[in-house]
Structure formats: structure tokens, C-alpha cells
Amino acid sequence: MKISITRFFAAVFAAAIVLLNSEQIHAQRSALDAYAITNARIVTVSGETIERGTIVIRDGLIAAVGANIAAPADVRTIDGTGLTVYPGFFDANTNLGIAAAPRSQPGQPAAPQVQATPQSNSAFPVGLQPEISAADLIRPSDATFETARNNGFTTALVVPRERIFVGQSALVNLSGDTASTAIVRAPIALHVAFVTLQGGEFPTSLMGTFAAIRQMFLDAQRLDATQKAYAKNARGIRRPEENKSLEALIRIVNGEMPVVFQADAEREIIRALDLAREFNLKAIIAGGAESYKVAERLRTQNVPVLLSLNFPKRTTTTSPEADPETLETLRFRVAAQKNATKLAQARVRFAFQSGGMANLNDFWTNANKAIENGLGRGDALRAMTISAADIFGVANQLGSIETGKIANLTITRGDVFDKNRQFTHVFVDGRMFEIKNAPKPDASKQTGGTATPANLPNLSGTWNLTVEIPGQTTQATLNLTQQGDKLTGNLQSAQFGTSELKSGEVTADGFTFTTVVTTGQTFDVLFNGKVTGNQMSGTATTPQGAIPFSGTKTP
Amino acid sequence: MKKLTVLFLLISIFSPTLLAQKRGAAEQSEILIRNATVLTAAKGRLENTDILIRGSKIASVGKNLKAGANAVTIDASGKFVTPGIIDCHSHTMLDSINETSYSVTSMTRMRDVLNPNDARLYRALAGGVTALNLLHGSANAIGGQNVTVKIKYGKSVEDFLVADAPPGIKFALGENPKRSHFPPQPGQPRRYPLTRMGVEETIRDAFVRARDYKAAWDEFREQARKDKNLVAPRRDLELEPIVEILEGRRLVHSHSYRADEMLMILNLANEFGFKVQTLQHALEAYKIAPEIAQKSAAGVSIFVDYWGYKIEAFDAIPYNAAILWKNGVTVSINSDDNARMRRLNLDAAKVEKYGDVPEEEALKMITLNPAIQLGIGKRTGSIETGKDADIVIWNGHPFSVYSRVERTMIEGETYFDREKDLQNRGALERERTELEKNDANKSGAGGNNPPAIPRESGKTHLDDGDDR
Chain U
1 MKISITRFFA
11 AVFAAAIVLL
21 NSEQIHAQRS
31 ALDAYAITNA
41 RIVTVSGETI
51 ERGTIVIRDG
61 LIAAVGANIA
71 APADVRTIDG
81 TGLTVYPGFF
91 DANTNLGIAA
101 APRSQPGQPA
111 APQVQATPQS
121 NSAFPVGLQP
131 EISAADLIRP
141 SDATFETARN
151 NGFTTALVVP
161 RERIFVGQSA
171 LVNLSGDTAS
181 TAIVRAPIAL
191 HVAFVTLQGG
201 EFPTSLMGTF
211 AAIRQMFLDA
221 QRLDATQKAY
231 AKNARGIRRP
241 EENKSLEALI
251 RIVNGEMPVV
261 FQADAEREII
271 RALDLAREFN
281 LKAIIAGGAE
291 SYKVAERLRT
301 QNVPVLLSLN
311 FPKRTTTTSP
321 EADPETLETL
331 RFRVAAQKNA
341 TKLAQARVRF
351 AFQSGGMANL
361 NDFWTNANKA
371 IENGLGRGDA
381 LRAMTISAAD
391 IFGVANQLGS
401 IETGKIANLT
411 ITRGDVFDKN
421 RQFTHVFVDG
431 RMFEIKNAPK
441 PDASKQTGGT
451 ATPANLPNLS
461 GTWNLTVEIP
471 GQTTQATLNL
481 TQQGDKLTGN
491 LQSAQFGTSE
501 LKSGEVTADG
511 FTFTTVVTTG
521 QTFDVLFNGK
531 VTGNQMSGTA
541 TTPQGAIPFS
551 GTKTP
Chain L
1 MKKLTVLFLL
11 ISIFSPTLLA
21 QKRGAAEQSE
31 ILIRNATVLT
41 AAKGRLENTD
51 ILIRGSKIAS
61 VGKNLKAGAN
71 AVTIDASGKF
81 VTPGIIDCHS
91 HTMLDSINET
101 SYSVTSMTRM
111 RDVLNPNDAR
121 LYRALAGGVT
131 ALNLLHGSAN
141 AIGGQNVTVK
151 IKYGKSVEDF
161 LVADAPPGIK
171 FALGENPKRS
181 HFPPQPGQPR
191 RYPLTRMGVE
201 ETIRDAFVRA
211 RDYKAAWDEF
221 REQARKDKNL
231 VAPRRDLELE
241 PIVEILEGRR
251 LVHSHSYRAD
261 EMLMILNLAN
271 EFGFKVQTLQ
281 HALEAYKIAP
291 EIAQKSAAGV
301 SIFVDYWGYK
311 IEAFDAIPYN
321 AAILWKNGVT
331 VSINSDDNAR
341 MRRLNLDAAK
351 VEKYGDVPEE
361 EALKMITLNP
371 AIQLGIGKRT
381 GSIETGKDAD
391 IVIWNGHPFS
401 VYSRVERTMI
411 EGETYFDREK
421 DLQNRGALER
431 ERTELEKNDA
441 NKSGAGGNNP
451 PAIPRESGKT
461 HLDDGDDR
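First to last, the protein sequences are chains U and L. Taking this note's numbering, the leading residue of the first sequence gets 1, the next gets one more, and so forth. Taking this note's numbering, the leading residue of the second sequence gets 1, the next gets one more, and so forth.
Hints listed in this document are in silico derivations from the structure and should not be mistaken for laboratory results. Quantities reported herein were computed from a predicted structural model and do not represent experimental measurements. A couple of the hints might just be wrong.
Have a look at the derived ranges for each label pair, beta carbon to beta carbon [as the list claims (entries may be wrong)]: (1) L:Arg249 x U:Gly356: 55 to 61 Å; (2) L:Glu431 x U:Arg347: 27 to 33 Å; (3) L:Gly154 x U:Glu505: 53 to 59 Å.
Each residue gets a CB set at the ideal place from its N, CA and C atoms; glycine is no exception.
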């Protein structure tokens, strides 16, 4: 009963968001939607860079671009002096706008898989349902879209989150518009991960996963053959089964739609390539942390890589008592930064993706690391623009600044790879977003900061929280960094994943912060609390009501 | 015209191969191991003997052999040479071992989950091991498809596979498949079967289903000749390997402990017209040695003196190997363990101790016999002319605890060289120091973890019941 009340409020709240958004959209749509950016440096990617030129944007498209173009009279003109215009940047593999399913905690009974598509009649369990589609699941009003835009992204390959047959991805423009207008193309590919199902259901092992994938591919081939025979002459043939899941695989086994294999280790990539060869699939590798080791084969098999810029980093502290890390691990972290360079040298096609990084700023920090390790700036730029468009089959619409293409643009003050550059605007489908408080690429490196004023408690550190959601008390970890009276960090829980804190503040008698929580719906939760020594307590205000929480600082 | 095309095709297919072969013969490297005590595992102990290796094969074994001018000579005076050790029951280099969901998981293939970078492989080489039988775990009455590899550490995974090794499959009887020690996950029902008779029924049922499946396909092939539009029956990856067993094309390695269940599986195999290739573990095999000699295809693969870890593993004796050998059973000694596999030479020595099995017969139990059991006895397992040069050089008798492996070769290539290993250690330390200086390896970088790269897997248990 409690759950249904919760759901009711969530639904009301979601409806409110939708209402609010459509009003905003309406307001912005009635404004002038033609622009000219003048006197800007224009990095077209497809051709020469124009040192001083003009871009005209009209009706969501690039109407004109060149050095000697006059801004038409009926457009809003932006003086681009000192600005650089790039094609809108791609994040070539993300879960943006796809709600995370709750996960079970270790040692606890496995949570039943949450049905991503409601009431699916598939004969297969969630995790083996290739028909699951990002286009059906995506919530473009998700706040993460704004974060992505603020980091210079205009387009993302949005991928569902299920387990083995992860689902079909959609290429989405990050305008925050309705799904039907924001999607550039869907489906782009079927995504596959070499993981197991949870809860003891087949497959529980990696080799079982391969067996399950193989059997479903074979069954899809047979369904295809049966359907064709049945269409020719239904008499005398047993009616082919109505099976959404196998149906969705027919395009895959016929090589009409690519398969993106999530594969990082060398042997995972080799397994993916072997499987692609066995079934004659059109394969793409996502992740690709060790893809440089397989570069030759990737090139000969013509398999592109959606290369994660979420480079491995040492999260453990170095302590003299700790076991030394393996040489393999040490080598791996260093090699990851040279990966893109080696792929470029081997002429493997690749595009960059954020790889689930918590802070999108790392995308730019790590792109710079790749450049420091020998990657050409041009290659780096292409991996965020035209190469991604090319791999997804939309190079005629996106990926470069050319007349007639979709007006997705990212505008910076300073070269995009410069440490001090700022993102100033992005255009998505011709719609302008001004970026305020633009993050700097080296922001994450800032350490130290102002000392805690004497009258304020110091909250920095890790806190174990108990959040008493009615009927389901939840444990969470709160990582806080306090600088003066400002509070940053994140909240992690098995149920809701990790979310960054917003507008965190410390006062003499307590603290407040807001964080975004995703449970089917996405909403803000306001935390209000008091601190005594290493204990904290307070309330979390959600759309459904106030929830008490308490916490202890870990020593 | 058509004929010409075919001819042209044939030439274009074969000529590069021919060329390659010719070139190979001219450039084939020669290695001469001189003046060793050779334990051949086929023709006894040969003192002061040379072994000439040409390319990947043993070219000759004898005294005062002559090699070409470019041959590499290894002086093995005072040293012992044996065939490479073969571990007939291993789970090393597997990223997963047990598919626990069903009682029949014949659709799974160990080939899919090999990790050629597993560092424990190198340690195995340092213990003189050159080949492994990589088996599925024992959680299922019928488990997954095993694979035979040679430990060509440093090469790609394809190079590990022994191409002409017949395919096999794991069966398991007793406590592990009936899940006596493995309660189901919370919320999950217990898996059928729960008893030994249920295990037997599960296996029989699978064979009956496979027989029907084969009949359906045979029928289809017959009909399809007349009717081209006929849609083929569903391909069933679970039943295909069981059909291969029925057709004698897939070897059964059956994990078993008790004498009664070993007899059960031998008789059940007889009922379906095949022979069990090996009984694995087989702690009570000594009770039914004559029956095993008669009814199994290639005997048993056992621990020497390891027991007592569960109820069905109590009635064991260290004379198991000796009694079986005296009854004419092919016996191999396996490790089923990532650490113990490096000491298989000492396990063979124990066979000499418990029951006075002669030196050569004891050595065969870790070399030629496992090779025979894996269907690769014609190409490896002993030091004889024409066989693969899978060779170990020891600084003393391999049955002595004081002896060490100096060099391990597979098909003429050295994969472990103790001298080189010692020399390399300094370089590796220097590399570590350099790597640790790199920013990427400094701690406190913050942020979340990137996706984990699967690395060395956790422990495995002697007797592979543990879930992975």
C-alpha cells in the first residue's frame, strides 16, 4: 500500500515536471530561433578551419558557414570575437536519461530484475531481452542532460542498462526536448555485455552467457527462416511463434544492425570479435580499455571502438603494509592513456565516450592526457565529432560544420583542449543554451582550499547514512568535501547509485544540500541536518514527504 | 572453363602453404640436448643420452647425435630430462568454472572463457607442466565442454589449443551435482536432482532427449532431399554435444567418488553404446579396479593422497594408484588446483612410495597416461622420435624434493628458463619503479572507479565443487 502511495506521488510529481518543461519549451520556441555567430574561429572538422568567419543557423540547421558571409537582418547575432565554434561534441556511449534499476546488496536476496519495459511478454528474462529500446525508456527532461551540455556535449548515444542483451541504443540530441524530437536516430545498435543474470537464473556464469547468446542467435536465424517459409505458404507449416526477443535479433544475425559489445580486457575484445566472426555480425567494441593490444585485428575485421575516456586510476591509498599491486595493473593504467594513440596509428576507427565517469569534466582532462601521450589534436577532435557520426551512420547529418547539417555546435572561449578554456554556448538542433559558471578542465585538480572557519563544524569525510524510507530503511555513503561554508561531494547507495551534491552549505548549527535521486522518476531531494561530533541527523525532503536520516562519520 | 577456375583456386590455396612448408624445412631450428639422463616414459631410463629437436618435433633420441651447424646445444650433463607434465584435471586460466543454474549445462564451452594471461600458467611451467585438461566444474550432472591446451604462455589463446585433441565433456556424480553442500540462493527453489538416483535419472533423461533430437535431424535430412523448402529443426546447443557422445566423437570425463556410482555411470554408458573416457577423482576406484579396466575407455585420473574433505571422500587409500595400475587400468595423477599442479612430480613420486609402482610407470601417470586419456597420446606424453618436443630439464631426479625445473619446452620452444627468469627479475623491479612514478599509478586521483578489468580469479578448491 505504501509503495502505491509513493508511486502515486512520484507520478504526480513527474507529471508536474513534464508540464513545467513543455511550458518552457513553448516559451523558447516562440522566441527567435535564427542566429548568426560572427567573427568566430570555426573548426569545421570536415574542412579547413576558418580563422574568422560566420555561421548562420536557421530552423535547426546550419544555413551557411564561411569567412565572407554577412549575417542576415532577421537573425539574432552573437559576436563571436574570441570564441571558437566546434561541431557539437558526442558522448558515444552513456546511460544519460535512462533510470537505473535498484540493485541488491551483497549478501542480501537478489532484488527481482526491474522490468524496464512494462508488461513485456517476452519468453526471456530481463537481461536477455534485446527488444528493450532506449527510445522507449529515455527521459529527456533528466537533469543530467544539462550537466552534459555544460560540459560541451550536444549528442549522446543513449544505451539502456539491462544485463546481457542490454538493449537498443538511441542517438539523442541533448536539447531536453521530448523524445520524439530529441532522437536523431533509433535504434542505432544492439548493445551486449558479457555479464551474467542475477538471482541464480541461467546464465549464472560467463560461459553460460556465451551459450545463451549463441542459442538465441541460432533461434533468431531459425525464426527468420520459418517466418519466410510461412509467408510464402502458410499451409503445412507450423505457425512461427510470436517472440519479440528473437524477432529483435533477426536484424542482428542478418548483419543489418550493428552489435556493440561492451569489452574492456584484451580477451573480452577477442571473444567479441570471435563471436562476431562466428555469426557474421557487424560489430563495434565499447569500452576498449585494452583495445590497443588487439588493434591489428580490429582493423582487419573493420570493427570500430567506442573508447572510454574513463581511464583507470588508483583508488586505493599507497600504504607500506598493503600488498603491492601487480605489474600488470601498473602497466594497464599507464597504457590506457596511450591507447587512443595506438588505435590511431593502427588506423582503427574510434570515438570517445564517457564510460560512466562520475564527473564529465574527466572527459576533457583525460582527452588531454591522451593528447599528451601522442594523440594528434585532429584525431582527438574527430573522435568526438565526425568519427562518432560516421560509426553511427549519421555523418550526413552531424559531426562537422557544413551547410545543411544539423546545427549542433559547441562554442568555447579558448581552444577546447586548452587548460583554461570555457564552454560559453552550445547549440542543439539550432537551439541556444548559454553556459553559466562554465567548468574549467583542471577544476578537478584544485586541492586544498580555504580552511574551515572557526565557527563552522568540519563535515569533510565519509559518513555512513541510514535513510529511513518507510518500509525500506536504506544504507548510503555520503562523501563530503567542505571548503569554507561550501559543501560538495556525492551520495552513494546500492539502491539509488551515485549522485553528486548540489548547492551544499554549512551553517553554524547544521547543513543543507540537494541531490538528484533516480527511482524510475528523477527528483531532487533536499537534505537538512545537524551535526554533533561524529554524528549527524536530519530530514530529507522528497516530493513524497520528509524522511528522517541519521549518520556516523567513519574514522 | 570451370575446371580451370577450380585448378586456379586450388593452386592459389595451396601454393602459399607449400612455400611456407619448404621455407620452414630449410629454416627449421635445431636444438641438441646433450648427455642427459632421459626418463622417456616409454622406453625406460636412458643414461648419457642426447635428444635432437628439429622444429617442433623430437627428431631423434640416442647417443652421440650430430646436429647441424646452427643447432643450439644445451649441455645437460648430470641433469634429468622428462616429457612435459600433463595435468588431466585443471581449472587454471578459466574466467568461470561452474554454470550452476541447470543440472545439464552441456551448452557451455570452456573455450569461451580462457585467460591466456593467467600468471599461474607461468608458475605451472616452472613446475614442468606443459599441458592441461581444462574442465567445467562439478556442479552439474552433465557439465560443460572441456578443452585441452598446451601452456604456450605469452602467445595468443588460439595457439594454446591442441588442434587435434578430441573434444570432451565433464560429467559429475554424487554430492556436488546433487548440491549437498550448496544451498540455493535465497528465494530460489532447490535444484533437481537432490539424490544420487536423481543424478542418474538426469543423465539418462539427457541421453534420451539427445537420441530423439538426433532422430529428428536424421529425419529432416532425409526429407530435405525431397523438399527443399523444409525448415530445419531447432538447433539445440544443449543436446548437440550429447549427440556427439552417442556418436563416439566426444570424450566423457566423469567426476565421481563412490564405487557404486562409478559402476552406475559405466553401465549407463554401456546402455547408450559408448564408454566413459575417464573417471575423475575416483577415490574408491581401488574397490572396482577390474571392472574399471574392462568398462572404461581410458581409466581414471586421481589425487594421490588427498581425501576426507566431504562424506563421499572418506573411504580412500594412498594405494589407489598402485592397485589400479596392477589391474591394468590407465592411471593419471591430477592436481585440480592452481598450486598443487606445480608439484605433480612429487605426487608421482608418492605413487612409487605407496605400492612400489616402478619409476617409469609412476612417471607415465603424469605424462603419457594423461596424454592417452585426452586422446593426444600419439603426439605427446613421452620422449620418442616423431613426438612433439614437450620436454622438461631438471637439475636432479624429478621425484626428489630437492630438484628444480631448469627449462620447460613446448614443441621445441622454451617457455620457462630458470636462468633467464632470474636475470629478468632486476629488469621487472626497475620497470615497477618506473611505472609507480607515473601519475596514472599515484593514489588519490578521486572520482569513481572505471569498469573493472577481470584479473586473476580467486581460489579454486581441490575438488571443484565451489561455485564460481
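We went through each hint and held it up to the structure:
1. L:Arg249 x U:Gly356: 55 to 61 Å: 45 Å, violated
2. L:Glu431 x U:Arg347: 27 to 33 Å: 29 Å, holds
3. L:Gly154 x U:Glu505: 53 to 59 Å: 57 Å, holds
Going through the hint list in order, the structure does not satisfy hint 1, though it satisfies all others.
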